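Asker: If you read the sequences in order, they're chains A and B. Residue numbers for the first sequence follow the working numbering, so the first one is 360 and each next one is one higher. Residue numbers for the second sequence follow the working numbering, so the first one is 131 and each next one is one higher.
Keep in mind that the hints were calculated from the coordinates and are not lab data. Be aware that a few hints might be false.
Stated by the list, open to error - As a list, the in silico SDA-like pairs of lysine to any residue whose alpha-carbon atoms are at most 25 Å apart:
1) 618(A) / 284(B)
2) 133(B) / 151(B)
3) 618(A) / 313(B)
4) 618(A) / 293(B)
5) 289(B) / 423(A)
As the structure is a computational prediction, the values presented were derived from the model and not from experiment.
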Amino acid sequence: MEALKARDAHRTLWSNAWRQFRRHRLAMAGLSVFTFFVVACAAGPFVYRTPADAIDFARSNEGPGFEHPLGTNDRGEDMLARVLYGGRVSLAVGIVAMFLGLVIGTAIGAISGYFGGIIDTLLMRLTELLISLPQLPLLLLIVYFFRDSLRERIGIYAGTFLVMVCVLGGLQWMPVARLVRAAFLSIKTKEYIEAAHCIGVPPLRMIVSHMLPNAASGIIVSGSLAVAGVILAESTLSFLGLGFPPDYPTWGRLLFDAKDLLAIAPHVVLIPGAMIFLTVLSINFIGDGLRDALDPRKL
Amino acid sequence: MTKFLVRRSLIAIPTLVGISLVLFAIIAMAPGDPFSDLAQNPNVPPELRLQLRQQLGLDDPVLIQYGRWATSMARGNWGVSFSSHVPVLDLIWGRLPTTLFVVGSSYLVALIIAIPAGVISAVKQYSWMDNLATTFAFLGYSLPTFFTGLLFILVFTVKLGWLPEVYTTNIQVTGWHWVLVMLRQAAMPVAVLALFQSAEVARFVRASVLEVLHLDYVRTARAKGLSESRVVVWHVVRNALIPVVTILALQVPSIFTGALVTEQIFRVPGIGSLLIRSMNSHDTPVVMGIFFTYSVLVVVFTLAADVLYGILDPRIRYN
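When you get a sec, could you build the whole thing from the sequences and use the hints?
Answerer: This is the structure we're talking about:
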C-alpha cells in the first residue's frame, strides 16, 4: 500500500499522458520516424559532407549507389544531400508556421471565448469567413502578390521563408481558435473560475494561468496536426512552382524539378515524395496518439 | 421548407461580400502598381499617366474603389486577360465544365468507396476488414495528391502504358469510342482525387456509425426481430449519414485544392491549370477572376450541403 502511494506520488499529468502515449505503438513508431528525420536533417549535412549543388553532368540520373547513396538528379547533384538540405527547410517551415498558427489561434479563441459578446461575434465571423475560403487558391494569390516585393526587400531566401511562414501560419489558426473558444466556453462556467473571479484575478492572469492549461490538450493535438498540414501546403506550393526557388531544394521543390524525369529516373521522384509521405504519416500517427493520451476520459 | 431555403441562401450573401472584401484587401495591400510598366515606358508622358489614373479612379478613397470594383464584378465585367485579350469570364466559363466534371465524378467515386468501407469497418469493428480499411484511410489521408498523381503516372503510363498521361478536351472520335477515350483519360485524375477524399470520408462514416450503433432505437429494431442487414441499412446508416453531410460540406474547399494540383499534374485544361499558367505569366485579371470563381463554387457547394442537411434532418430546419 505504501509502495503504491509512493509510486502515485510521482505520477503527474504529463507522466500519465506519456505513459498512455507509449502504449500507442503506431504513435511511438511515428515519433521515432519523425525524430529521426528532424535529427538527420539538422545534423546530417555536418556528417554527410557531399555538397547539395555540385553539378556533374557525367553522372546524371544515376540510381542509388555507393558514391551517391540515393542517386543523382538530372544535373548530377547528390540526392541524399539535397533531401537533407530540403528537409531542413520543409521541417523548419512546418514547425515555425505551426507555432505562429497556434499563437494566433489560441489568442483569438481565448479572447473570443473569455469576453464573449460583440468581440466574440466579430472574431468568429472572421474565423468562419477564412475557413470558408478555398485555402490553396488563397495561398497562391497571396504568394503571387507579395513574394516578389519581399524578395527584393529582404533577400530571396529570407523573403520566401518569411512569406511562407506568415502565410501558412496565418491560415492555419482557424480550427485552433474554434477549439480554444469552445474549451473556454465550457471552462468559464466551472466553479474554480468563479472562485478565481471572487479573489479578484485580473483577466489576463485568468486566461493564461487558470483557463489555458485546461484547454492545452486540444491545442497540443491540433498543433501536431498543423505541422503536417503546413508541410503538405508548403510542398504543394513548391510543387506548383510557386514556393521556394530552385536552388533551395525543399521536398516539394525536388518533386517539382523531378516530375519530368519520371520515365528516366523514377528514384528522383520517389525519394522526396516518400519523405513527405512518411513525415506526414508519422505526424498523423503522433497526433492520433496524443489525442488518446491527453483525453482525460481515457485515464 | 421554403423559409429555410431562403434563410440559408441569404446567409451566403454576407459570405460572398466578405470574400470579395478579402480579395480586394489583398489586391489593395499588394505592393506594386498596375501602372508600373507604364511608368518605365519613356513614350508615355507623365500627364497621360495621371489622366489614366484618374479615369480608373486609382486616387479615390479605398471604399469608393471597392464599391466600383464590386459592382463591376457583380455585373459580370471581370476584366480582360492581359495575355490573350479574351474577357476573363469567357475564359473561365470555357474551362469550368472540365473542372466540375473531374471534381464531381471523383466526389461520386469517393462516396461509393467511402460509405460502404466506413460502414463495414464500424459494424465489424476491430476485424481484419476494419484494420485494413482504417490503415488504408490513414495512408490515403497522408499521401499528398501530387505524389499519388506522379506514382499513378509512373505505374500506369510509364511502366504499364495503359493510360494516357495528358488529358485533352478535343477528342477526335465520337460515339462509344469517345466515351472510352474519356474514361481512360479521366481515370487517373479522378482516382487520385477520389483516393484522398474517400480516406477522409471513410473515417467520418466509421466514427459516425459507431456512435449510432449503440443507441436505443437500434436495440429496439433488433428486438423487433429485424435482420441484421436491415437494421444496419435502414436504421443505422440512414441516421449515421446525417453528420457525414456536414463533413462533406466542410471538405468542399479541400476538394478544389486537390483538383488544382491534379489538374496541374495531368494537364487537365480546367480552371486550376489556367490559374497556375496565369500566375506564371502575371495575368492578374485572370488570377483574380479564378480565385473569385473558386470562392463562389465553395460557397455554392457549402450551401447545397447545408440545404441537404436540412432536408435529411427535420430538426435542423425548425431551429
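Asker: Could you run down the list of hints and mark each one as holding or not?
Answerer: Verification of the hints:
1. 618(A) / 284(B): holds (10 Å)
2. 133(B) / 151(B): With a Cα-Cα distance of about 28 Å, the restraint between residue 133(B) and residue 151(B) is violated, given a limit of 25 Å.
3. 618(A) / 313(B): holds (24 Å)
4. 618(A) / 293(B): Satisfied, since the Cα-Cα distance of roughly 17 Å is no more than 25 Å.
5. 289(B) / 423(A): With Cα atoms ~19 Å apart, residue 289(B) and residue 423(A) stay inside 25 Å; holds.
Going through the hint list in order, the structure does not satisfy hint 2, though it satisfies all others.
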